[in-house]
Amino acid sequence: MSTGKRPGASIADSSLLNVDGISLRFGGLKALSNVGFSVRSGELFSVIGPNGAGKTSLLNCISGRYSPQEGRIAFDGQDITRLKPNKRAAAGIGRTFQNLALFHHMSVLDNIMVGRHHLLKNNLFTGAIYWIGGAQKEELEHRKAVEDVIDFLEIQHVRKATAGTLSYGLRKRVELARAVALQPKLILLDEPMAGMNLEEKEDMARYIVDLNEEWGMTIIMIEHDMGVVMDISHRVMVLDFGRKIAEGLPAEVLANPNVRKAYLGEEDLVVEDGPVLQAVSA
Amino acid sequence: MAIDTMRPCGDYRTSYRADQTIFDTRLTFAFIVGGIILLALAPLVLSNYYLSLMIQIGYLGIAALGLNILVGFSGQISIGHAVFFGFGGFASAFLAEHGVPVPIAIVLAGLWTTAVGLLFGLPATRVKGLYLAIATLAAQFILQDFFVRAAWFTGGSSGAVAAPFTILGFDMSGDTRYFYVVLVFVVVMYLFAANLMRTRDGRALIAVRDHYLSAEMMGVNLAKYRTMAFGISSFYAGIGGALYAHYIGYMSVEGLDILFSIQFLAMIIIGGLGSIMGSLLGTIFMVLLPELTGALAGILQGSAIDRALHLKDGITYMREMLIGATIILFLIFEPDGLAHRWKQIKAYWKLYPFSY
Ligand SMILES: Nc1ncnc2c1ncn2[C@@H]1O[C@H](COP(=O)(O)OP(=O)(O)OP(=O)(O)O)[C@@H](O)[C@H]1O
Ligand SMILES: [Mg+2]
Numbered sequence: 001m002s003t004g005k006r007p008g009a010s011i012a013d014s015s016l017l018n019v020d021g022i023s024l025r026f027g028g029l030k031a032l033s034n035v036g037f038s039v040r041s042g043e044l045f046s047v048i049g050p051n052g053a054g055k056t057s058l059l060n061c062i063s064g065r066y067s068p069q070e071g072r073i074a075f076d077g078q079d080i081t082r083l084k085p086n087k088r089a090a091a092g093i094g095r096t097f098q099n100l101a102l103f104h105h106m107s108v109l110d111n112i113m114v115g116r117h118h119l120l121k122n123n124l125f126t127g128a129i130y131w132i133g134g135a136q137k138e139e140l141e142h143r144k145a146v147e148d149v150i151d152f153l154e155i156q157h158v159r160k161a162t163a164g165t166l167s168y169g170l171r172k173r174v175e176l177a178r179a180v181a182l183q184p185k186l187i188l189l190d191e192p193m194a195g196m197n198l199e200e201k202e203d204m205a206r207y208i209v210d211l212n213e214e215w216g217m218t219i220i221m222i223e224h225d226m227g228v229v230m231d232i233s234h235r236v237m238v239l240d241f242g243r244k245i246a247e248g249l250p251a252e253v254l255a256n257p258n259v260r261k262a263y264l265g266e267e268d269l270v271v272e273d274g275p276v277l278q279a280v281s282a
Numbered sequence: 001m002a003i004d005t006m007r008p009c010g011d012y013r014t015s016y017r018a019d020q021t022i023f024d025t026r027l028t029f030a031f032i033v034g035g036i037i038l039l040a041l042a043p044l045v046l047s048n049y050y051l052s053l054m055i056q057i058g059y060l061g062i063a064a065l066g067l068n069i070l071v072g073f074s075g076q077i078s079i080g081h082a083v084f085f086g087f088g089g090f091a092s093a094f095l096a097e098h099g100v101p102v103p104i105a106i107v108l109a110g111l112w113t114t115a116v117g118l119l120f121g122l123p124a125t126r127v128k129g130l131y132l133a134i135a136t137l138a139a140q141f142i143l144q145d146f147f148v149r150a151a152w153f154t155g156g157s158s159g160a161v162a163a164p165f166t167i168l169g170f171d172m173s174g175d176t177r178y179f180y181v182v183l184v185f186v187v188v189m190y191l192f193a194a195n196l197m198r199t200r201d202g203r204a205l206i207a208v209r210d211h212y213l214s215a216e217m218m219g220v221n222l223a224k225y226r227t228m229a230f231g232i233s234s235f236y237a238g239i240g241g242a243l244y245a246h247y248i249g250y251m252s253v254e255g256l257d258i259l260f261s262i263q264f265l266a267m268i269i270i271g272g273l274g275s276i277m278g279s280l281l282g283t284i285f286m287v288l289l290p291e292l293t294g295a296l297a298g299i300l301q302g303s304a305i306d307r308a309l310h311l312k313d314g315i316t317y318m319r320e321m322l323i324g325a326t327i328i329l330f331l332i333f334e335p336d337g338l339a340h341r342w343k344q345i346k347a348y349w350k351l352y353p354f355s356y
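So the protein lines, in turn, are chains A and B.
The C-terminal residue of the first sequence carries number 282 in the numbering used here, and the numbering is unbroken.
The C-terminal residue of the second sequence carries number 356 in the numbering used here, and the numbering is unbroken.
Worth flagging that the hints you see were computed from the coordinates, not collected in a lab.
Errors might be hidden in some of the hints.
Quick list of in silico lysine-lysine cross-link-like pairs, DSS-like style, CA-CA up to 27 angstroms [as the list claims (entries may be wrong)]:
hint: 1; chain 1: A; residue 1: K144; chain 2: A; residue 2: K87
hint: 2; chain 1: A; residue 1: K84; chain 2: A; residue 2: K185
hint: 3; chain 1: B; residue 1: K224; chain 2: A; residue 2: K87
hint: 4; chain 1: A; residue 1: K137; chain 2: B; residue 2: K224
hint: 5; chain 1: A; residue 1: K160; chain 2: A; residue 2: K201
hint: 6; chain 1: A; residue 1: K185; chain 2: A; residue 2: K144
hint: 7; chain 1: B; residue 1: K224; chain 2: B; residue 2: K128
hint: 8; chain 1: A; residue 1: K121; chain 2: A; residue 2: K84
hint: 9; chain 1: A; residue 1: K185; chain 2: B; residue 2: K224
hint: 10; chain 1: A; residue 1: K121; chain 2: B; residue 2: K224
hint: 11; chain 1: A; residue 1: K30; chain 2: A; residue 2: K84
hint: 12; chain 1: A; residue 1: K137; chain 2: A; residue 2: K160
hint: 13; chain 1: A; residue 1: K121; chain 2: A; residue 2: K185
hint: 14; chain 1: A; residue 1: K160; chain 2: A; residue 2: K144
hint: 15; chain 1: A; residue 1: K87; chain 2: B; residue 2: K128
hint: 16; chain 1: B; residue 1: K128; chain 2: A; residue 2: K84
hint: 17; chain 1: A; residue 1: K87; chain 2: A; residue 2: K121
hint: 18; chain 1: B; residue 1: K224; chain 2: A; residue 2: K84
hint: 19; chain 1: B; residue 1: K343; chain 2: A; residue 2: K160
hint: 20; chain 1: A; residue 1: K30; chain 2: A; residue 2: K261
hint: 21; chain 1: A; residue 1: K201; chain 2: A; residue 2: K185
hint: 22; chain 1: A; residue 1: K185; chain 2: A; residue 2: K87
hint: 23; chain 1: A; residue 1: K121; chain 2: A; residue 2: K137
hint: 24; chain 1: A; residue 1: K121; chain 2: A; residue 2: K144
Okay, the calculated bits of chain A under chain B, using three or more residues with CB under 8 angstroms as the criterion [as the list claims (entries may be wrong)]:
hint: 25; segment: 100–112
hint: 26; segment: 134–144
Built from N, CA and C at the ideal position, the CB exists for glycine as well.
Using the sequences and the hints, build the whole thing.
Here it is, written out as structure tokens:
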């Protein structure tokens, strides 16, 4: 599987996302230096790197939270470098967050319904008169779509629960559900498995693969668990101190001496006969 | 699993439609409808004094709901709600004087107040928290000053006459009849709000409150919804103020001060931030509070406490102190307000005798 040719996924020749030489500075700190890469439609593309390498900053540039000082980002044939975050959601970019970012006081259902925001047409006025003017009909249609997502992520039992009361693992799943409800072309996942136990990780990996293969979503994933990354990614990019130091098939990246050097002393990438390679060949 | 609904067990939904109702059980629905019918019968049995209290609860409750949409639902703040209430009153009196039928004048006054509220809500697109609070405080003083100066609009210091409420030539003034006018407005305005909160724009408001960064990533335009909350809030304040003006028959700048604005805040804190019914409960509480203090002072009359504190002269101070103390007590002991307590009582009775 480490060849990156998972059966089932259909990867297009054309690129969906084009990141071209972006640099991002916070005062004197260079969080990203001239990073460029492309992600093709249908790909599951992983970004790895040591803590503070700039992975989250990169996702933030793509989703619009940060504006890079240099470089361009093109998505689906459109230059989005200066587009506002809410417009990017409508353009088809969804994301989850490294630190949970649910709407804590809302129900799980409402959280996920917010994901439909850009697809819904009812407004303040038609919403207030719910029964007349079509808001009810539209809401119920979208409720159906949301229920499909709820079924897929197996969170039916908590759909009415207040998001803030859920366990960590469930919250991560609800966050994914909310992003999926957006019906994005590209979904950005920032450490979707962090803090999970083995069983939860396996579930999450399965959801991600299904999203990619069955729902046809292009995915960029940041993840520290090398076993999972090597197992499910088509391609991997490595960041270190804000620079891209490698990009390629999982096996190529793993064999890259620069990558080994970057991870030297880090216990989660044990090369050669370590647990990572075992996980990959398993 | 932590399922946080307080619905009786065994109450399953068979369609999404049934699952999306405002009233979570048939019992609640029956309760609310029954309550409205009972209220409609109230003028037959209640004295004008109690009717006037209920009318007060009505127009203040509408304005309080508006403030709750801004503060409780969208997570912003306004320390100037009273002036929007006042603006609605003046605007409706002004429109009625220029020949607009009163029912239409009230609605137009609401819209006019919305426009003003949007204008003063513009800072919300740039600032949050304490800075926004100061900006709304500015609105309080600017509009209060405007009311004094703009005699063409407000009648200056002598105030403006507000025409009596007539509909199709039928006079609806007087406690007994005006009660129905206010009841209709309360029901409609509360239904609007309940509907709003279960549809797209209402959810977006709450999302902005709970986590604005991820709301934006979900496609919500922050500036739009922050300002919109001010608009909705002012609309409700304006309608409330207009109902007040045509009830009293007169609108003056007096009383539209910051203390009144703080009383609106007290209503929603006591009732429950982010709760629609809580807005009404808090208003009931605040309207009945002076009645209570009055009664209390009556009971204590002549006693040692009365002699020591001069209750009779101090009653207005006592009232203000009591409001302050109540806000603090609620913030400490019941931060979710009366609405939360109400929910628990409801849940208890629904499960009775199998409460667990
Ligand atoms: N808003 C900000 N202001 C200042 N510095 C920032 C900001 N966001 C990120 N940084 C800095 O940029 C660098 C990259 O951070 P980033 O969060 O992108 O790392 P990361 O690769 O996601 O790390 P981790 O694996 O710990 O999540 C860090 O040095 C961080 O301190
Ligand atoms: Mg990170």
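| task | Decide if the proposed pair is consistent with the structure: K224 (chain B) and K87 (chain A), CA atoms, cutoff 27 angstroms inclusive. | result | Roughly 13 angstroms separates the two Cα atoms, so the pair holds.
| query | Given the hinted pair K137 (chain A) and K160 (chain A), is their alpha-carbon gap at most 27 angstroms? | reply | holds, 21 angstroms
| Hey, K30 (chain A) versus K261 (chain A), does the alpha-carbon distance stay inside 27 angstroms? | holds, 20 angstroms
| query | Taking only the CA atoms, is the gap from K224 (chain B) to K128 (chain B) under or equal to 27 angstroms? | reply | Holds. K224 (chain B) to K128 (chain B) sits at ~14 angstroms (cutoff 27 angstroms).
| query | Does the structure keep K121 (chain A) and K84 (chain A) at a Cα separation of 27 angstroms or less? | reply | holds, 20 angstroms
| task | Would you check the hint for K224 (chain B) and K84 (chain A), treating anything up to 27 angstroms between C-alpha atoms as holding? | result | This hinted pair holds, its Cα atoms lying about 13 angstroms apart.
| said: K128 (chain B) and K84 (chain A) were given as a pair; does the straight-line alpha-carbon distance stay at or below 27 angstroms? | reply: It holds: about 19 angstroms lies between the C-alpha atoms, which stays within 27 angstroms.
| task | Compare the distance between the alpha carbons of K84 (chain A) and K185 (chain A) with 27 angstroms, and conclude whether the hinted pair is satisfied. | result | holds, 17 angstroms
| query | Between K137 (chain A) and K224 (chain B), does the CA-CA distance stay at or below 27 angstroms? | reply | Measuring from Cα to Cα gives roughly 25 angstroms; hence the hint holds.
| query | Is K185 (chain A) within 27 angstroms of K224 (chain B), Cα to Cα? | reply | holds, 25 angstroms
| request: Compare the distance between the alpha carbons of K121 (chain A) and K144 (chain A) with 27 angstroms, and conclude whether the hinted pair is satisfied. | output: Holds: K121 (chain A) and K144 (chain A) sit about 16 angstroms apart, inside 27 angstroms.
| message | Given the hinted pair K185 (chain A) and K144 (chain A), is their Cα-Cα distance within 27 angstroms? | response | Given pair K185 (chain A), K144 (chain A) holds - Cα atoms ~20 angstroms apart, limit 27 angstroms.
Checked against the numbered hints above, the structure violates none of them.
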